[in-house]
Amino acid sequence: MATEKIIMAGFGGQGIMSMGQLLTYAGMIEDKQVSWSPSYGPEMRGGTANCSVIVSDSLIGSPIINNDATASVVMNLPSLLKFEKQVIKGGNLVVNSSLIEKKAERKDLNVYYVAANEIATEIGNNKVANMVILGAYIELTKIVSQESIVEAMKKVFGPSKQHLVELNKEALKCGAKEV
Amino acid sequence: MDKVLMKGNEAIAEAAIKAGCDCFFGYPITPQNEVPEYMAKHMAKSGGVFIQAESEVAAINMVYGASGAGFRVMTSTSSPGMALKQEGISYLVGAELPAVIVNISRGGPGLGSIQSSQSDYFQVTRGGGNGDYRIIVFAPSSIQEAVDLTAKAFDLADYYRNPVIVLGDGMIGQMMEPVEFYLTKNRTLPTKDWATTGTNGERKPNIINSLALVSEDLERHNYKLQKKYDEMEEKEVMYETHKMQGAEIVLVAYGTTSRITKNAIDSLRESGIKAGLIRPITLWPFPNKAFNEIPKPAKSILVVEMSMGQMIDDVRIANEGRLPIHFHGRPGGMIPTPEEIVEKAKEIVGGAK
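Chains R and G, in that order, give the protein sequences. Going by this note's numbering, the letters in the first sequence line up with residues 645 to 823, in that order. Going by this note's numbering, the letters in the second sequence line up with residues 2 to 354, in that order.
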């Protein structure tokens with residue numbers, strides 16, 4: 645891995661920002677260079693949400709991803725339409741097929757369809773769909789290990805939410821099996 | 002201490018608390034809201050005071066009061082809020098009060114947008130307040146640097162008895178990067194024997210004031226202030242140079258823009274164009290020295306800003322007419338891309354040959 649530039653996108657409430665933060669934190673735990681930048685605006689629950697994560701072996705210059713994403717992870721249809729085109733040739737596109745019926749148009753990407761919401765519901769909570777798709781993404785790229793993401797959860801979730809770590813861990817595992 | 006992943010705004014707030022900030026006064030405005038949010042949560046725990054003022058004007062005047070009483074004080078805001086604080090800033094300087102003022106700037110003029118911008122350069126380096134005054138302005142380009150400079154800002158404010166501004170664009174406030182907090186004590190600070198801490202009936206009262214009706218007195222006061230500005234210019238200049246050796250084109254950028262510029266420099270060098278960067282870390286005092294040391298092969302300067310060109314004035318002064326100066330900027334909350342910068346640089350270099 646030299647530099648992974650990932651766009652994560654969906655609607656507010658899907659845990660897009662947390663998914664990006666966990667990936668960033670996990671990269672930091674593995675002593676990689678990392679940055680996380682959110683899109684921010686006058687937005688609300690149900691509005692669009694996306695963040696850019698960079699994980700690299702070398703120092704990060706610009707934290708902004710500009711049509712040079714190595715991967716897009718899209719959780720809803722508007723995100724697919726917007727971010728499919730920002731991935732470089734040969735990059736990865738991970739699509740939440742639970743909410744997106746449309747197929748990717750580009751033929752020069754590695755496209756993976758993960759029914760993140762169905763899988764999340766099967767293991768007990770629809771809300772962990774973000775961890776299912778994150779599990780799939782890190783399985784394809786090996787950019788960070790599942791263990792580091794779990795470590796990151798312990799730090800990011802705070803003491804009151806430690807009981808949720810197991811479920812999220814399970815979601816990562818199920819996601820990894822999908823690719 | 003271990004590295005932690007933090008948003009720029011939160012990291013600045015934590016750095017202030019670690020630097021011994023006693024009081025925070027502020028009024029909400031995007032994109033700096035996480036600063037007061039963090040302060041509201043953590044100030045009381047560290048024995049400090051957090052007050053959400055009724056306006057930016059009130060906040061800066063609370064800063065004046067608390068600083069006059071000898072406390073370490075901070076306020077933070079974003080561009081239109083910074084405009085409202087200008088009168089108070091001039092009064093702080095006049096009364097020789099230390100304070101740290103954070104501006105996480107956004108697009109203007111007017112209410113503008115909430116997206117990242119650098120169009121407050123004139124406002125922070127020239128000031129909107131009245132009178133002869135100068136303020137050290139730090140412009141960090143990473144979260145770690147924002148943390149380090151915030152801590153340093155408190156020391157410099159106390160040392161000079163003058164406000165210090167930390168200017169971050171919206172990206173610096175909103176993005177997350179790993180940071181480490183370590184305490185650096187690099188200068189001995191004078192005791193605040195001027196503060197209004199109560200006389201106990203043992204000394205004459207201290208007076209905090211910026212009014213001096215006798216012109217001779219005010220002239221003397223201005224000479225005294227000027228001496229401090231001279232010392233700041235002599236001692237506090239900070240800048241970074243990047244790949245300047247043999248550079249034929251010198252890019253100048255600060256804050257987030259300097260990082261985008263570094264990407265552009267890498268791709269220019271890949272295509273055989275030797276480009277380098279001067280990154281001012283203090284916007285005032287401006288690093289004129291860096292421009293005296295530009296290597297011989299350099300034929301032109303390209304200033305890149307998220308504005309219509311404000312720092313370009315200082316670059317002109319520092320350049321002393323030696324090299325032609327070009328500009329590329331995106332205003333209004335738009336962020337320049339490395340490709341745009343590369344294209345502009347190629348156009349300049351091509352034209353020079």
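Simulated from the structure, these hints should not be mistaken for lab results. If you're wondering where the values come from, they're calculated on a predicted model, not measured in any experiment. The reader is advised that the hints may include incorrect statements.
Claimed, not checked - Some chain R residues near chain G, calculated using beta-carbon distances under 7 angstroms:
| # | residue |
| --- | --- |
| 1 | 669 |
| 2 | 672 |
| 3 | 681 |
| 4 | 735 |
| 5 | 754 |
| 6 | 803 |
Unchecked claim - Taking lysine to any residue pairs in the SDA-like style, the calculated list, with each CA pair at most 25 angstroms apart, reads:
| # | chain 1 | residue 1 | chain 2 | residue 2 |
| --- | --- | --- | --- | --- |
| 7 | G | 345 | R | 732 |
| 8 | R | 805 | G | 297 |
| 9 | R | 733 | G | 340 |
| 10 | R | 729 | G | 264 |
| 11 | G | 4 | R | 733 |
| 12 | R | 729 | R | 685 |
| 13 | G | 19 | R | 701 |
| 14 | G | 42 | R | 800 |
| 15 | R | 799 | G | 290 |
| 16 | G | 186 | G | 220 |
| 17 | G | 193 | G | 34 |
| 18 | R | 726 | G | 336 |
| 19 | R | 799 | G | 183 |
| 20 | G | 4 | R | 685 |
| 21 | G | 228 | G | 297 |
| 22 | G | 297 | G | 220 |
| 23 | G | 290 | G | 227 |
| 24 | G | 290 | G | 335 |
| 25 | G | 42 | R | 792 |
| 26 | R | 799 | G | 38 |
| 27 | R | 805 | R | 785 |
| 28 | R | 726 | G | 193 |
| 29 | G | 46 | R | 677 |
| 30 | R | 799 | G | 18 |
| 31 | G | 4 | R | 801 |
| 32 | G | 244 | R | 733 |
Where a beta carbon is used, it is the ideal one built from N, C-alpha and C, also for glycine.
Structure versus earlier hints, numbers of those that do not hold, lowest first: 4, 5, 6, 8, 11, 13, 15, 16, 17, 20, 21, 22, 24, 25, 27, 28, 29 and 32
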